[in-house]
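The listed protein sequences derive, respectively, from chains A and B. Just add 22 to the spot in the first sequence (first one is 1) and you have the numbering used here. Just add 38 to the spot in the second sequence (first one is 1) and you have the numbering used here.
These are computed hints drawn from the structure, not numbers from a lab. Be aware that a few hints might be false.
Said to hold, decoys possible - If we take Cβ atoms under 7 Å as the criterion, some of the chain A residues that face chain B in the derived model are:
hint: 1; residue: 156
hint: 2; residue: 194
hint: 3; residue: 197
hint: 4; residue: 572
hint: 5; residue: 573
hint: 6; residue: 575
hint: 7; residue: 581
hint: 8; residue: 585
hint: 9; residue: 598
hint: 10; residue: 728
Just so you know, even glycine gets a beta-carbon here, dropped at the ideal spot from N, CA and C.
Letter by letter, the chains look like this.
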Amino acid sequence: MMLTWLILLAATGLLLWLVRPHRHPGFAGMAAAVPALATLWLVAQIPVVASSAGPLQETLAWMPSLGLELALRLDGLSLLFGLLITGIGAAIAYYTHWYLEDDPRQGYFYAVLFGFMVSMLGLVWADNLLALFVFWEGTSITSYLLIAYAHDQAGARNGARNALIVTGAGGLAMLAGFILLGQEAGTYTISQLLATSGLADSPLALAALLLILLGAFTKSAQFPFHFWLPGAMAAPTPASAYLHSATMVKAGVFLLARLHPAFAHLPLWFWALFLVGGATMVVGAVGTFGQRDMKALLAYATIAQLGVLTFLLAFSKEAAAVALVVGILAHALYKGPLFLVAGIVDHATGTRDLRRLARLHRDLPLTTALALLAGLSMAGIPPLFGFLAKEGLLDVALYAPQGRWIALGVVGLTSALFVAYSLTLLWEAFLRPESEAVEQAHVHHPPNLAFQAAPLVLVLLGTLAPFTIGLWAPLVDLAAGAVLAAPVEAHLALWRGFNLVLWTSLGLVGTGLLLFLARAAWRRLLHSLPPWTQAARTFERLLEGLAWLADQTARAVQLRTLANQASVVMVAALVPLAIGLAQLGDPWQALQPDPAGYPGLPWAEGILAALAMVAAVVTIRAQRKLGAIISLGVVGITVTLFYVFFGAPDLALTQLLIEVLTVVLLVLVFYRLPEDRRPPITGWRRVRNWVVAGAAGLLGAGMVLVNASGSLQVDAPISRFFLERSLPEAFGQNVVNVILVDFRSFDTMGEITVLALAALGGYALYHAPPVFLPRRLRRDTASPTVPDRPTPEETPTPTEARHA
Amino acid sequence: MNLSFLYENIHVLLPEAILFLGALAVVGADLLRPKDGDGRGLGALALLTVVAGLVGTAYIWGRPPATYLGGASLDGFALGVRVVVLTAAFFAVLLSMGYAPRITWQTGEYYALLLLATAGMSLLGATTELALLFVALETFSLALYVLTGIYRRNPRSAEASLKYFLLGGFASGFFVYGAALLYGAGGTTDLALLGQRLAAGEANTSLLWAGMALLLVGFGFKLSLVPFHMWTPDVYQGAPTPITAFMSVGTKTAALAGFIRVLGTALPAQQATWGWALAVLAVLTMTVGNLAALRQMSLKRMLAYSSIAHAGYILVALVPGTAQGTAAALFYLFAYGLMNIGAFAVVVALERTAENDVDQGGFRGMATLYPALAAAMAVFMFSLAGIPPLAGFFGKFLVFKAAVEGGWTWLAVLGVLNSAISAYYYLRITVAIYFDQAQAVPARNAWAGLNLGIALAALGTVLVGIYPSLWIALFQGLGG
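Next up, chain A with everything else stripped away, as it sits in the complex (with noise of 0.2 Å):
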């Protein structure tokens, strides 16, 4: 059934794509309709879950072969996070129409929606880590898409850059997290490997770990990551209601949710969650003075509560996980209206900056009484949702068994800042009488009840949620006790008498009023701070610096001219062979002459050498090319001289009839070069080349003392063969002749044949025409970079232009 949901859905979208939507507001209806009857589906199986039956469990084989499975599975957790996704999901299908009112690209914004809205049920509902990943990844891809919808945005570029690398990095290093633990538990399904025991206490999971806490907290905007999630913000409204503060921002929260049975109990997991947690509340509640952009504000207050969830997971308190699905669900039920108002604001005034808004309430009066519900619950005011959710957390930041005095004072602050700032967004934008700006916003385009209707259910269910708290009880049983993978029974009551953590949150609103009446001090303090505390500029400046190491490593690999090039190769290829050659042991014990069988003259071969390196370097050092040639020459005819004192004489007549050939060709040429007037190379250069000589001599010393260690003689010698039977079988006196006629005859044809065919080619090339364009490649190529006369590689050479 869950499968059935996920293809249900997928095939909405791309039907909606289909109809083209914007034509008609029956559409709307049809987009929350699917996505609605998934809610109440799941609704129906929170009894089904509760039972002794247990989770819900499918497989599909995908790809048997790797142990990859499209594994689903329903527990608490997974149930909690589905009705969100659904829920929400149904609300904004039905809002997105009103708000890309006429636009005929909604279609198109459907489908990617929905596709989004598959990725995460899929990621919710995946029991197998890859299924999971490839879902996660999913939602990377679709939330791009539907921020680049609003590509023709300025300023959404830079935004849409950083979430991209920021979660698209901190995924694929959650990949290998993922593939280290999969190996270290010997399962990739998920529920399995959460029962495997003592799976966190082995380094390599240790490792894991680490890799999907960065995951985790890039995906969830914790700090020092956060930056990203302000600069999605140029996602179109709806997007960023149902993204970047219902769900996508809460799957690196939900996947720590997943983990904790396997994790909590170390203390790595307790002190990442907590300073990391107690960081990014602090600095998103702080983060929302700075901002006059609605949408801006929000997503700071969003940043913060992700800290809150996160910090709360640090914990394995059954308070704290009752906390955290409470305030998951509360922070859905007030943060998705609040987003959906600022859009309708927008629609409506054309503007979201609060600086230029201003008593909203006279022309917006429902909107208004949305956003006044929506952020008193925000601020934690009684007896909305949003106080319920504050008071699990101060319970456990009271009673927390470590680190409590920094617990107290973050979420106090924090606490006091979530009234402070909702407050400001509800005074500047709905209620005050005068704005900042002189020129106000006007209210052009008032919204009709349809569009206001998603955040009127949404407010709705959140206004009367601690009213009815027996009905969702069991819910938040279920999701507390899969986090802890323990029963839980919560004991949620909107009035539990006057205790600690009562006088603690009301103390903290009169706190929050204060900051409230101080805000513009605030906002001075955080304007005035040093750029580097904007984490998004260190983001560039890391950016910066990474593209600074490119550089280098592209300079220092880049080598562009051909003699770098060649350089490096051959020093390269003298470390592989050096590693080789150490695998000899005693290399110099192959240079004791063999008393036995040398048939040389030793003090010939020694004044032969000589020769041969003097003529070497008289070839380098030769001021004239004719003296070049001619030492170049000197040092072959030595090395034919070798070839005549080991006894090879008809090899060294090949060899110097090659020489002969050789010289006199290069004298030919270089006869017909210019002179070459380039200066001497010196400095580095110079260096560099000595070096580089060096290594290719070594490298053909040490290819002789490879060559001349141990035996040769791997095999029968093959002369024999040929000495016993070319008399007999070929009837010549002359074996090399034989070999060539006749054992190996069709090798010389095959020689012959090249030779003949390399002829005719020659011969072709000395009487060809000289190269032109052809008329037709003239015309149609010819652009101003592109000369139409030939350019000078294509000027005919000496030969050709005697020809012409």
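Starting from the known structure of chain A, arrange chain B on it as the hints suggest.
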């Protein structure tokens, strides 16, 4: 004289025979074509030849193992390499159809050399013998040296060709020297026999080590592993773009096939040594490739460095020396082939012929003008970055899985972190395509073959990603 041995089991080389004959047919047809023709028919003939080669591959698929003259064998591995190489050639011909006539009037030579290079690459997958390995290597290399420089009016093309030729000749020297030493060590050029002798300890070890080292340099050059990669950006940038696309996939596949043959058949007993060498090279190659790619302004150079990094990922699969690793490498090459050729195809679509390249300005804000092209490029970039559910993800997944199962976990983790770095420059391009303002109207070349090629590559990238089982099963069977 009995010459029947010459055609016994000749079906082993059926696809190569088809390609060689096709190359000859193209040259012949070139002689007959009218003076003013633009050689479009030659492209069709080349395409037909490649398709016939694929049909030939299918024809010998599943036949019992056989060898031809002891030098080439019919096995799963050879078939897998052919699939990748011929797919790359198929796309290369599609991309060349409107391209070749613009840059050269020698379209006949162009397609004939392309087919010969394909034949050499495809032969390399089938060889089980050192000498034939070298012949195959040189067959495709020589053809590519010429093809790189065939855009004769472009100075960069000529420079690239000369550099490629000189450095490539250098590397071939290393290779052939190494092969000779291996022959000296084992007394045979037959890889399987060599492996037996080496495993039995009958070999001359000093020659073996030096030979291995030199072969590593030779293959390292062809695979453009760091530090033998220097030619790659220059050559990829200078060569005509369809040739670059073909080279980036074909050369890597073929060289890797030869590498796997040598390592897996002749040197499995020495895995403990070359495993480490390969691991070091893999880390260097991935990291340097990715870092250098980050800041390239030219799209072709960026893709060149990115292809270097991908060679590093593939090398990770080879380090443990397992059959799984081989299968993973083949699958990776197939996935990489689709997405990388696709990316180069987009370059072909966007470049101005005279520049033979695309820089930042050439694709900025292209999404508004050419939404389909932008979407295809986004698919290729996401896939190259390894984001599921696209082909590139499963390639990376299999490669890293093979490494982890072979006991090289740290290497796999470094690989994944590297692909996280690489996400930066792939996604940067996607962002520029979608979010930047177009400064000028980007060029848009279009011909049926190009559009078909881009569409097929994008479709393939998505389909292989969504349903990888089929391909993985196919290549898994070929690993042995």
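Would the hint on residue 728 (chain A) be counted as holding, given a Cβ-Cβ threshold of 7 Å to chain B?
OK, holds: residue 728 (chain A) within 7 Å of chain B, min 4 Å.
Does residue 572 (chain A) pass the interface hint, meaning its C-beta sits closer than 7 Å to a C-beta of chain B?
Residue 572 (chain A) check passes; min Cβ-Cβ to chain B is 4 Å, inside 7 Å.
Would the stated hint for residue 581 (chain A) survive a check requiring a Cβ distance to chain B of less than 7 Å?
Because about 6 Å separates residue 581 (chain A) from the closest Cβ in chain B, which is inside the 7 Å limit, the hint holds.
Just to be careful: measuring from the Cβ of residue 598 (chain A) to every Cβ in chain B, is the smallest value less than 7 Å?
3 Å, holds
Is the interface hint satisfied for residue 194 (chain A)? The criterion is a beta-carbon contact with chain B at less than 7 Å.
4 Å, holds
Measuring from the C-beta of residue 197 (chain A) to each C-beta in chain B, is the shortest one below 7 Å?
6 Å, holds
Interface hint check: residue 585 (chain A), Cβ to nearest Cβ on chain B, cutoff 7 Å. Holds or violated?
10 Å, violated
Have a go at the residue 575 (chain A) hint: is there a Cβ in chain B nearer than 7 Å to its own Cβ?
This interface hint holds because 4 Å falls under the 7 Å limit.
With a cut-off of 7 Å, does the beta carbon of residue 573 (chain A) approach a beta carbon of chain B closely enough for the hint to hold?
Since the shortest Cβ distance to chain B is 5 Å, the answer is holds.
Hint validity - residue 156 (chain A) Cβ closer than 7 Å to any chain B Cβ:
4 Å, holds
When each numbered hint is compared with the structure, a violation occurs for hint 8 only.
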